[in-house]
Amino acid sequence: MNAETEDLPGALHALRCEFEGIREIKRTRRSEMPQAQITMDVRRVSAKVSVVDVKGELTAFAEGVLMDAYGQASEGGVRGIVMNFEGLEYMNSSGIGLLVTLLIRVNREKQKLLIYGLSDHYQSIFQITRLDDAIAIHDSEEDAVKAAST
Amino acid sequence: MAEQTPQPEERTERTGPRTEPRDAAHWARYTERIRVPGVPGSAPNVEGRRMVGPLQGFGKMWQKTYKTRLGGVSVAPVEVVETLKERFPEISGFGKGFRMPDGGLVPGAVALLGGLSGVVVLYADEESFTYMTPEGHPFSGWITFSSYADEDGATVAQAQLLIRANDPIYELMMPLGLHKIEDRTWQRTLGRVAAHFGADGRIETRITCVDPKRQWRQCKNVRHNALVLSALHAVSTPLRWIRRQATGPSKNARTRNPTKGGTP
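Chains as they are written, first to last, in our numbering: chain A, 1 to 150; chain F, 1001 to 1264.
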């Protein structure tokens, strides 16, 4: 409270305090809202292929990070996007949905999307969601980059 | 997302860091074909079918998001999802047509829809759950129900679909009313969620065509079409009855259906 508000008549002063209280609650709630717990670093491994190193949690909150990484990885006429999932710690069904929309975007740009570094658990999720029908999964970065270059 | 269950410290010391991912318990286990527990033959359009996602369907791919802001009501997202899970038949309006699995909507559970088709619970945590459809269902894809707090701290209930029509017949039906039925179903569902918690229930709908291309190689999905197969089954019922009268009761049929006194 500053001096200006302290000069207000009683009822207005109470109203002002209530308003400040609500603003404080909203600020606290905003800071408690879930944020993207993920990083995606882009490496250009050849003229035509980029690798995206995924670390953290792939959920609905990762959409902005994923699309930014894709934009960065696609710069300069890249034809193959390789995603490294060795650092994937958590994924929910919204995260899988993001991969589907990314795949559609990649196909529209006539690029290839390849993946490596999936643990057994995440490989089985790719199987059950049948993403493995459409996205090539490789054992190593070398294999994936080689496949992306052809 | 669900909190990680705390692990005893002594276990961490003995076995080293846990390798099981935090989301492991939230996902259905992989199976090649869907198995429906209960009476054999009760779900011919689901039993033995494969699950299909938005990449396996035929028609245009749609992302449909319906949400309602439960403003002025003090309810946590976890409570909203728990209520939806427990009272899904009533809240969704499917009523008795939606046969809840015995163990509830847990990962891997199969729920049947009016004897025509069904859904499998692909994913479930405290703040969301997702259905995946089987071959023959009108849509191939996922339906996710979730709840979260928006930037003003109000709880939002949301249904999000990522779907394609499964085959050319369903794709033809989309502009002829299937889109509308789908929209109304989930708008009403969220309206009931809002009413349940005493909120006003204004529904926000956002529909995006993610992929306008049809996947012609998936034309063959029509062989699983649940509507067509059920119609054929109904039409051929008199023929099967006549055949049964002519040949006497089938031993195989009695054996297969334990409710009619066949050998278990």
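Hints are computed from structural coordinates only; laboratory data are not their basis.
A hint or two may mislead.
Subject to a maximum C-alpha distance of 25 Å in a straight line, what follows is the list of computed BS3-like cross-link-like pairs (lysine-lysine) [stated by the list, open to error]:
1. Lys1096/F <-> Lys1213/F
2. Lys1180/F <-> Lys110/A
3. Lys1060/F <-> Lys1096/F
4. Lys1060/F <-> Lys110/A
5. Lys1180/F <-> Lys1096/F
6. Lys1064/F <-> Lys1085/F
Right, here's what the structure says about each hint:
1. Restraint check: the Cα-Cα separation between Lys1096/F and Lys1213/F comes to about 36 Å, which exceeds 25 Å; the hinted pair is violated.
2. As the CA atoms of Lys1180/F and Lys110/A are separated by approximately 33 Å, the hinted pair breaks the 25 Å bound.
3. Between Lys1060/F and Lys1096/F the CA atoms are separated by roughly 31 Å; this puts the pair beyond 25 Å, and the hint is violated.
4. With a C-alpha separation of about 18 Å, the suggested pairing of Lys1060/F with Lys110/A holds against the 25 Å cut-off.
5. Between Lys1180/F and Lys1096/F the alpha-carbon distance is near 22 Å, which keeps this suggested pair within the 25 Å criterion.
6. With a C-alpha separation of about 20 Å, the suggested pairing of Lys1064/F with Lys1085/F holds against the 25 Å cut-off.
The structure fails to meet hints 1, 2, 3 from the earlier list, while all remaining hints are met.
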